[in-house]
Amino acid sequence: MRASFRTLFAGAVAAAFAFAGPAAAQQKLKIGFITTLSGPPAIIGKHMKDSVELALEHLNHKVGGLDTEVIYGDDQFKPEVGVQLAEEMLKKNQVDFVAGVIWSNVMLAVEPVVTGAGKIMVGTNAGASPLAGSQCNELFFTTSWNNDESPEALGKYLQDKGVGELYVMAPNYQAGKDMVAGLKRFYKGKIVDEVYTKFQQQDYQAEISQLRSKNPKAVFVFYPGGMGIQFVKQYVQAGLRDQIPLYSVFTVDETTLPALREAAVGQYEARFWSPDLDVPASKRYVADFEKKYGYTPSYYGAQSYDGIMLIDSAVRGTKGNLKDVKALVREMRKANFDSIRGRFKFNVNHVPIQDFYLLQAVKADNKDGVAMKIVEKAFENHKDAYYQQCKMK
Amino acid sequence: MTWALVFEQLLNGLQYGVMLFLMAAGLTLVLGIMNLVNLAHGALYMVGAYLAVAGTQWTGSYLAGVALGFAGTLLVGMALEVITMRPLYGRDHLDQVLVTFGLILFFNELVAIIWGRGSLYTSLPSWLQGHIDLFTGSRYPVYRMVVLAVGLAVAVLLWYVVTRTRLGMLIRAGAANRTMVAALGVNIRLLYTVVFGFGAALAGLAGLMAGPIYAVQPGMGELILIQVFVVIVIGGIGSIRGALVGAIIVGVVDTLGRAFLRPVLATAISATAADAAGPALASMLIYLLMAVVLALKPAGLFQSR
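Protein chains in written order, with the working numbering: chain A, 1195 to 1587; chain B, 51 to 355.
Calculated from the structure, these hints are not laboratory results. By construction, the Cβ of each residue, glycine as well, lies at the ideal position given by its N, Cα and C atoms. Take these hints with a grain of salt, some might be off.
To be verified - The following label-pair restraints were derived from C-beta to C-beta distances:
# : chain 1 : residue 1 : chain 2 : residue 2 : range
1 : A       : Lys1411   : B       : Thr109    : 38 to 46 Å
2 : B       : Val196    : A       : Lys1411   : 29 to 37 Å
3 : B       : Ile163    : A       : Lys1286   : 22 to 30 Å
4 : B       : Met334    : A       : Asp1518   : 53 to 61 Å
5 : B       : Pro313    : A       : Lys1485   : 50 to 58 Å
6 : B       : Gly180    : A       : Asp1261   : 57 to 65 Å
7 : A       : Glu1359   : B       : Ala326    : 19 to 27 Å
8 : B       : Phe57     : A       : Tyr1367   : 28 to 36 Å
Working from the sequences, and respecting the hints, build out all of it.
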């Protein structure tokens, strides 16, 4: 009885596949893209969404040669909303890929939902270290980096330059601590003081007075978003810009430069990409982006553009067969596409092995009067610190 | 820790305090006189900052921007009172919280639609840039000194208006017994509109002065609003004097806590324990202070009725 049921079932499945054959020719690719489109961080979401749209335009709205629909979701900066979105995209919209996600905490909640449903997740910003290490997953890929690689690059640069002492500041939450840990992995000089401020603090005058009284050789900060705008403005107003060099990660970028303008000039940042990077795919992306939207793209956008191009390469590699997830993963691992960073190679944990640069904000002849410029390479083919904890080969 | 540094930090605390005062003055009057919980006070602060930036961009003049920021928030405040607050006076606090929370969302979306989601660029005219040399030997930004001076001037002006003018008398009477004031033939509706408008304008003034220091972005008002509520709870609801004293206490305690709590703790407990406890305790300090004040004087330091 059981055997006959199984035979019957197998027959039904085979029949379904036989009928699915011709339908597959007109099948549609659906990508769910989760980002933040409300509240203050929505500016990052806008950069990402605009870049996805540009990638679609460059691919004639046929990702991997298939008609493509991208469903955008606003996670409102909340993990539980991210999970709801992912479930809705998987069940209601029947998406083939989920991509995006700005925040590490949202990613840690969303990734198990997507990979648990047997679909591929392509992170285009959040770089939570568990996903690069012990919790790595063959269905999870990222086109960004692990969180502490940028401070690692900055630490390496400061160490190489022989900057003997450093004053360190960051917001008092997990990412702040992680950034400082990354810095210290490569910077071995003296840390004059390590100051953690309240998350979303607005006024840094008290901390700046303390900093000045210590008169350090250089300052390292991590202040993302509005915190960075406030800190940098106040640092300049205190007259410290030409006295103590300021090095930062995730603090000054194309999302905050329009608000900072001349206050940013002289700022050092470490990053894997900059709009002035001399790579054909990057130049095309930047030029077309500026033409279409009238503002300069940021790395948030560049990574998202790469995410769509990565999916395109994988779907092309499997000749549009979206059902064979194993084959898709094999193609994803090849990363056979023109990345905005030049060559693109995944490590065993599906985090890119890539170069990092030291950038400086300089006066420029554009709308904001300021732009990021690559000063020199800090890391060549850098691997994150967690991939050995990942069991994938 | 040198005395010069302590002096500089006291100055920082005072400057932060007067900024809080400008916000708290309007909020405490509205809460004290109209018995209205206005969560949208932070939104008015944001409106002031945005209008000042817009005014500066349109006219190219910083002072024109300041004028637009102040006058604009005054008008927005009065319109808000007439349109949304009037039906709320008879309702309970929960309804007021709901409506004014809705207004926060409304204004945040509105500025995002008009000016975009990113932070706006603000600059200072050259005469407000730069720094002055303190007698202690360190430098202090000119702009922060101006903020301090404007804040103190507004405090003196408010003191004069509230204690020496007819309008002030009505305001104090309104805070003490609203029904009696209305019964004596005073147009209490107009008084409410004026008080709410000027409270809004003061929030706008705080916002436009915050613009060059902080990030001008949607939602900027909510970050400061919580501290302002702490100020009026400590100072006593409805009391201008309480708002001033409360604001300066909160400003100074918060600043000194952030600056010196960790080094002071490090002398008592181990350095690593101080590293962990210092920042956490510093960010809690004003709330601890509020708890102590509430325990000892439940109506705040300066009770208005």
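Hints versus structure:
| no. | hint | in the structure |
| --- | --- | --- |
| 1 | A:Lys1411 / B:Thr109: 38 to 46 Å | holds (43 Å) |
| 2 | B:Val196 / A:Lys1411: 29 to 37 Å | holds (32 Å) |
| 3 | B:Ile163 / A:Lys1286: 22 to 30 Å | holds (29 Å) |
| 4 | B:Met334 / A:Asp1518: 53 to 61 Å | holds (55 Å) |
| 5 | B:Pro313 / A:Lys1485: 50 to 58 Å | holds (53 Å) |
| 6 | B:Gly180 / A:Asp1261: 57 to 65 Å | holds (60 Å) |
| 7 | A:Glu1359 / B:Ala326: 19 to 27 Å | holds (23 Å) |
| 8 | B:Phe57 / A:Tyr1367: 28 to 36 Å | holds (32 Å) |
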